[in-house]
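Construct the complete structure from the given sequences, taking the supplied hints into account.
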Amino acid sequence: MRLFENLNIDFLSKRKFFYAVSGIIISLGIVSIVIKGLDLGIDFKGGSEVVVAFDKPVAISDVRDATDRMGLGSVELKTFGATTENILVRTELQDLDEVQFENIKKNIESVIAQSVSDTLFSMKEKTSSTVVYTFDTPENAVLIADKLFLSGFQAGLVSKEQDNLDVIVRLGIADLIKEGLRTEFSGLKFDVIKEDKVGPKIGEELKRDAIIAIVLALVVILVYIGFRFKFAFGLGAVLALFHDVLITLGFVSFFNGLFPGLNLEITQSVIAAFLTLVGFSVNDTVVIFDRIRENLKVHKTMDFFSLINFSINRTLSRTILTSGTVLIVTTVLLLLGGEVNKGFAFTFFVGIITGTYSSIYVASAFVHDWTTRSKKKIQF
Amino acid sequence: MKKFRFKIVLIVALIALGLYFLYPTYADYQNTKSIEKTLNERSELLKSQNPNIDEERLDKYLNQFEDSLKNADPSIKKEREKRIKLGLDLQGGMYVVLEVNTLKLLEKLAKNPDENFAEMIKQTNDVVRISEEPVVDVFTEIASRKGIRLSRYFGEIRDDDDKITEMLRSQANDAVNRAVEIIRNRIDQYGVSEPSIHVSGSRRIIVELPGIAKEEEARQLLQGTALLEFNIVKDPEFTFGVLEKVNKVLAGKPLEDTTKVDTSVSASDESDIAEDTTQKDPNQMTPEEFAKEYPLYSVAMPNPQSQTADLFVRESDRQKVDRMLNRDDVVNILPKDIKFIWSAKSEFFAEGQPIYRLYCVKAAPELTGGVITDARATLDPQNSAPIVTMEMNSDGARDWARITGTNIDKRISIILDGQSFSAPVVRNKITGGFSQIEGIGDLDEAKLLEIVLKAGALPAPVDIIEERTVGPSLGQDSIRQGVTSALIGGLLVIIFMFLYYRFAGGIADFAVIINVFFILSVLAGFGATLTLPGIAGIILTIGMAVDANVLVNERVREELNTGKTIKAAIDSGYSKAFSAIFDGNITTFFTGIILYQFGSGPIQGFALTLMIGIAATLFTQLVITRLIFDIFVERGGKPNFG
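Protein chains in written order, with our numbering: chain E, 1 to 380; chain A, 1 to 642.
Some hints here could point you the wrong way.
[Claimed, not checked] Cβ-Cβ distance ranges computed for the label pairs, FRET-style:
1) Pro-138(E) to Phe-348(A): 33 to 43 Å
2) Phe-578(A) to Ile-212(E): 51 to 61 Å
3) Glu-179(E) to Asp-114(A): 40 to 50 Å
[Unchecked claim] In silico negatives: residues of chain E with every beta carbon more than 12 Å from chain A:
4) Glu-92
5) Thr-137
6) Phe-185
7) Gly-261
8) Leu-333
9) Lys-375
10) Gln-379
If you are wondering where the hints come from, they were derived from the structure by calculation, not from laboratory data.
Backbone N, C-alpha and C define an ideal beta-carbon position, used for all residues, glycine too.
Okay, structure coming up:
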């Protein structure tokens, strides 16, 4: 079977048109990013997230009412995956605010008072997510720790020493959510299938690392291609990469939440997809550059314009085939890979298409325009 | 064929190596399947025999049964350890990042902290909040910028800053090591299989607990402070008396007067123990007879040569011993004031299995660890044997003097969170709160004991800064979806390649399959972890691996079009495609390295599979497919490029 054989398409003369097309798509993407924003996952924002799987489908509005009554402030609710049994509850908070903290503290103290009527206790220590109570006898401490644990609090003895009087209670958001849902949906059973908590420190670090990683990848590619080819080629490749990343980012922003079940928040795996698409798209570009370099040596008399066109045409079959096969597997991953891989697959899917397009229309065209403008003849 | 011999040998050797690495994964899969089948059968059987059995009991029984199945054949465990490790996102479990609060440690260590000190702590906090720089370094730098000498707060007044910095640094490291030791110890006791605990950076501890169901318990496990106890080890005479009775109960024999403990039993000769209950010399019994007569001793042997009654138990028999000792009839005859404590680490090995010690100690601790102020592992200046010295506060010193005074020549077991780390003999009364522990195997062991002793004294607080829990059902879904999409995606590509390039496509398909095989065996061989993004990485490799083939095949087609012979076309096709394949893959490889460097957990898994995939791609495409073409052409074949 042979497709794309002996083609002779004049890609370069249409470059202005495609510059414009790229420009418009990128601008629309930026508009979407400005208006809709990018949906940062808790990997980067920090916060708490709980995914619960109910045994029967529930209306997300019911869950919203429930979480509103819990007084969690701004809570994000989504279905997780395609089914309506799985609900993701997310809040940016990692710790309870003053009011909730006090409320829950009151609940704890009422449990204590109910368990042992005449016990003397005092609050010993308080952090943003824990309270420590001191009791009069070690026996009471043990008893209260058990009672609190059974009432759904994360309580425990501060130490296992026999004369320990202290009980520590953690007041986490995730636990509050779980407990709240348990009371609100007493008729339904649910399992917690996923639970994440990311501290602000980790979020900051991941954000910084993600930016460093993308910038570093671009720099390394610029240097490598500049070294293996010519500076103009390195620049062309990196420009094409910026182009791909921007367009894909715009798509991710635009399509996020457009269809039910399509959550495209920026998580670590989406960043991985961006870096992979950088690697993949540069691979495409390099193959064309490699052919240009080779043809420059062979066809010394051919003018640069037709030489680039010639090289793109000769590699077109390979470019389309490879992108096609990767597109096949990515599509399968997008459709069947499950919720966790969806963000990765979607990002990469868009990235392959733009990457292939930019290798053909942007990278080489830029090299052409750059060298014509600087009036230097490229030689290898 | 001769000229291909080297390549053929290389390829065959690599494939054989790959099979060797992957075999445990296959064997483990088979084991899991057969254990599951046996468990199901057993469960059906139990339900039919006992229709009213409640879920909890059934589960408990099945768990025990599963453990005994797994322990019955040591190869099951060995293969499990060598199989491809699955990330928590695939098998479910808990991933926790803990951070040792070094700032709090500095605050605790400081003498006379004043406003300046508080200010410096605050500034340090601002820096370390978003960076991984070691806290001590940041703090000392801030101090030196302010022109404040560290000796104002730490160490001796004459010490220079460098010395104090060094001291603080080692304290900070110590706090991390102690926290790791406590966590490891607790996790071991909790019975999580294949936990992973490692230190990252200067003060972070990453804990991975596969398959943890009750995360509340796990959190308590990780954050609570450690319990250090000193318990007197019971005399051998007493212990043997107790063990004797246990054996009788287990063997189903009637007990004689339980108040009469046979004190003539000595550790040096087992036949003595048997004398008054059986007529037969245990040395002449068959193993079966011995096991019937002495069920406990058949799995937990005292060492006849030693002066102690400590029992030695193979790792695989530990649960059996625990079950024996927890039987209601055994618990009934055990004195209430004793308990059995396992040694934390194995001391010996026999037939490739670690052997643990089981101590019989007084149930009530003589002293708990809050009194320890310092501990240090050093070498004894007199005989350069490793020793551990420890210091206690004044309360502790007073108690310790009393305890050691009344227990000379007895052993005191040092127990951290319920496991014994050492049981030194008390030589004489120790006053002044300063004592040393001797008889330690090597310096590593001494170091461990130092950590254990200090762990009793509160380590710096440990904060949970990141926590991810994946339920097991989600993990299973992920595996199923990942594998299904890998198979379908791979199959589609394989079909397409064959249709498009015919024979050459078939060879490319073969190369892709070998490629995936190599990736999996490298993962298994290096003990790397397969994560869900890792599966995505493999899927991506499948897509990209064909790229090199496409490049070559397209090139060969072009060369064939110019009228070259098939041999010449293949030669120049490969050589011309080489630079494109190489440059393209190297740049992708670079992004893999960057991802690996800056990614965490699952992302690193993706980067790793991507990089292995690229290396495997280069090998399979440039060496294996080339060789197949060469051999084919050499034999006069005419490969079809479609």
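Results of checking the hints against the structure:
no. : hint                                 : verdict
1   : Pro-138(E) to Phe-348(A): 33 to 43 Å : holds (39 Å)
2   : Phe-578(A) to Ile-212(E): 51 to 61 Å : violated (33 Å)
3   : Glu-179(E) to Asp-114(A): 40 to 50 Å : holds (44 Å)
4   : Glu-92                               : holds (15 Å)
5   : Thr-137                              : holds (17 Å)
6   : Phe-185                              : holds (18 Å)
7   : Gly-261                              : holds (14 Å)
8   : Leu-333                              : violated (5 Å)
9   : Lys-375                              : holds (27 Å)
10  : Gln-379                              : holds (17 Å)
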